[in-house]
Amino acid sequence: MTVPTTHFVIFAALLFAIGAAGVLVRRSGISILLGIELMLNAANLALVAFGRQHGQLDAQVFVFFVMAVAAAEVAVGLALLVAIFRKQRSIDVDRLNVMRW
Amino acid sequence: MLDLLWLVPALPLAGALVLLGGGLRFGKRTTTAVGVGSVGLALAAVAAILVQYAGMHGETVARHVFNWISAGDVTVDFALRLDPLSAVMLSFVTLVGFVIHVYSIGYMHTEGDRAYARFFAYLNLFMFAMLTLVLGANLVVMFIGWEGVGLCSYLLIGFYFDKEYCAAAGIKAFVVNRIGDFGFLLAIFWAFKVFGTVDFSGMAAALAADPARYAAAVTPIALLLFVGAVGKSAQLPLYVWLPDAMAGPTPVSALIHAATMVTAGVYMVVRCNFIYRLSPTALLVVAAVGGVTALFAATIGLAQNDIKKVLAYSTVSQLGYMFLAAGAGAFAGGIFHVFTHAFFKACLFLGAGSVIHACSGEQDMRKMGGLARKIPVTYWTFMVATLALCGIPPFAGFFSKDEILGRVFAAGAGNLNGFGASYLVLWVLGLAAAFLTAFYMFRAVYMTFHGEFRGTPEQWHHVHESPGSMTWPLKILAVGSAVVGLLGVGRAITFGTDLNWFEGFLHRVAPTVEVEHAPSLGTEWVLILLSVAVAVAGILLARRFYFGAEAFVAPRRIAERAPVLYAAVANKYYVDEAYDRAIVRPLGKLAHFSWKGIDTIAIDGTLNASAFFTEIAGDLLRFLQTGNVRNYALFVLGGALAAAAWLLL
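Protein sequence lines, in the order shown, are assigned to chains W and R.
For the first sequence, this note's numbering begins at 1 and goes up steadily by one.
For the second sequence, this note's numbering begins at 1001 and goes up steadily by one.
Don't read these hints as lab results, they were simulated from the structure.
Even for Gly, the Cβ is constructed at its ideal location relative to N, Cα and C.
There's no promise every hint is true.
[Said to hold, decoys possible] Negatives, chain W to chain R, calculated, CB over 12 angstroms: (1) Val25; (2) Asp58; (3) Ala75.
[Stated by the list, open to error] Quick partial rundown of chain W residues pointing at chain R, CB under 8 angstroms, derived from the structure: (4) Ile18; (5) Gly77; (6) Leu80; (7) Ile91; (8) Asp94; (9) Leu96; (10) Asn97; (11) Met99; (12) Arg100.
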């Protein structure tokens, strides 16, 4: 018995929603990065699921690229956070509004 | 030597370039050597060329200097052309030009070194442009010279540019000439379109081969060319710049605004006589404009008190005679008057310059008088030139003016092109103008040289004869005014023997349009005696009005009895004022409207309004940039959802 694609998609949607909610409601920069990571993985999951349904390997190849980009994004994101912390003594993103009008 | 034809315009150009290239920093001696020397060399070159040319029986020599414009069908060579017509022009332009350069050494010596160098640089440049105009073998090269002399005229009228009226006079001359030049340009384009060439020989050959083919184009081309001539030669209605041009130094008035440049229009009409002779309408227009201008300008000259203004209106009037001749088909006659006029009018202007020099810059004849005793050389040369201008035999003007009036009468009596009556009317106008010319010229002579001095005693004490560099040119030109007329002695004067060398020489390039029934010898003699009688009458009237114990009584009484007429004449018929009202001010208003109305309000306004609204929009929209990271995230998510929804639904 195989798990139907619908299940994967629903799971991926839930995962994406959780990630998005994390990005929107958390004020800590690290939590936001985590939320983004969840959203990326939700997308990966959906890709793999559809790839399996259509019997194509393209999707899986694509997932590897997404993972690589995600790793790079996290590296840059964390480096930014370190820099922000050094400057502001805080990683609360709500305080990062000094450049607005 | 004919291969060195290009040297003739090139030498003065070199002079101008040296003076300008030296930054006008040379001392007076160097400037004189370069400025006068270059024209002297050009005169020597012309003399050598003409001596050689004299043996060539008037054939046309064309010298191709370089290929100038070559694009598609358009080919214009920078080519020079020597034929009897340009030879005549060449001779007096360089001779009178050189004499006036010499005169300027004395006249301008009180100027600073820099102004002195500038003066000679411009004068040299003028000689270059004028010689290019004369020698040009096609309309385009001629046009270059035409524009060049206009530029130099502008520069030299405004020579004392720190005086506002001089600068304004320069601009006026340039702008009015522009109107004429526009007509000339259109004529060149039209001629090129019709003939496929702008070369004089080429156009003449095309017309000779098939006149009927070009019948429709001949009249408009001729009239447009004449528009250019009207501007350059100061004819009605574009004459207004010439009297104002007297703001320039007097040698400039003599050289550019009397002897050479202003006759360029006549030269051009005669040069293109192969076009004009095919168009009776254009010929009549030329004659009518000339005849009316001759009389009109002469009447204004009656009431002018500035000695140079009298001569300026006289120039306009005499130019009218030249066009009258050309319009009556007497092309050689017109050029003959150009030739003699160059001598006596240059002499008159230089004499006036000498008078002004003697009176410490005074130009108002009402403050002169009795100068003959103190400056005899100036007086006698001025007298000779005046007699020449009045047409008293045997001075030069007699022969040329008589030739013109005789030809116009012949055109009238012989019913030229069926316009006989019109030519007879023009003949009467010319005769009346001859009377007025004699009157106003002797009025000037009596007011300036006779009677009691009317200036201050200091001025009288200061009056002195000019230096040799100024009196020698006067003497040379006076001799010229006396004798050059003998080159063109009319047929009637010699009782039918053809001694008219001048007309014979020009016959190849500018043959006179002959009428079928030429007047008899007796009629011509009557005409000659009539024109002399008219001139003598003018002189006697001037003598009665402005000489002796009764001087100034009669004119004053006339001015009192007819104040309106006198004011109209003295104020030049208010033509300048009328132009100001009718053209200058409306144009000024239009320009002001274009500036304040169209440019400032409409164009700038639209631009500023769009910038203003962009700024307002930005001011409002920038509040969307909260600076809150999570806010941005919400926008991104909202956008992504909206995009997804739009894709799915």
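Item checked: Hints not upheld, ascending by number -> 1, 4, 5, 6, 7
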